[in-house]
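*Asks:* Using the sequences plus the hints, can you model the full thing?
Position one of the sequence shown corresponds to residue 7 (my numbering), numbered consecutively onward.
Mixed in with the good hints there might be a few duds.
To be verified - No more than 25 Å apart at the CA atoms, straight line, and that leaves these computed lysine-lysine pairs for DSS-like:
1. K29 - K51
2. K33 - K51
3. K51 - K84
To be verified - Restraint-style ranges between C-beta atoms, simulated for each label pair:
4. G115 - G52: 15 to 25 Å
5. R94 - K29: 33 to 43 Å
6. V110 - S36: 44 to 54 Å
7. G41 - K84: 49 to 59 Å
8. T67 - A42: 51 to 61 Å
9. T49 - L111: 41 to 51 Å
10. E127 - R94: 16 to 26 Å
11. L18 - M104: 13 to 23 Å
12. E106 - Q47: 34 to 44 Å
No wet-lab data here; the hints were simulated from the structure.
Cβ atoms here follow ideal geometry from the backbone N, Cα and C, with glycine treated the same way.
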Amino acid sequence: MMMALGMFVFSLPTLAYQELQRKTDWKHPSTSRVGARNARQFTGKGDDTITLSGWIAPELTGSVYSLDALRLMGDTGKSWILIAGTGRILGSYVITGMTEGRTVLAQDGDAGKIEFSITLERTDESVLGLLNTLGDLGSIKNMLSLEGISNSASNAMNAGLSTFDNVAGSVGSLF
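*Replies:* Dropping the structure here:
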């Protein structure tokens, strides 16, 4: 395990990042002064941003469903506990952005290589408070497991096809 965000585990079978960048800011607003440099005052902590980037090759390592799981987590808008593989708790983070680039395309359009970048921003939510709001860990673990993600994706695709069939039937009845 490289790192865990909530119940999502970054690892070779799921999503192994090759680079971790962390940027921490502190607030020092300035006030203009005549004939002197601006005066600065420390007013507290600023943003703490972590960017994970790398690539996966779904036929060899990593899973495209892992990107889907992280998107679902981002859609919730919730803050997730971030724990390094060493066990160090880094704090509570929200997913604020994700980019994905697909290359080495097959005839069916499936990507042989997917480059990704995920941006996390720290929140001030209490880690202990988040532990109390996790609810049923079994259902969350199942949702984020590869099998659970695959089932969710399959269910979503089937629902989409069903909706497509209904729309196509409705459009067909118009003519």
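*Asks:* Taking the earlier hints as the rules, which of them does this structure contradict?
*Replies:* Of the numbered hints given earlier, those the structure breaks are 4, 5, listed in rising order.
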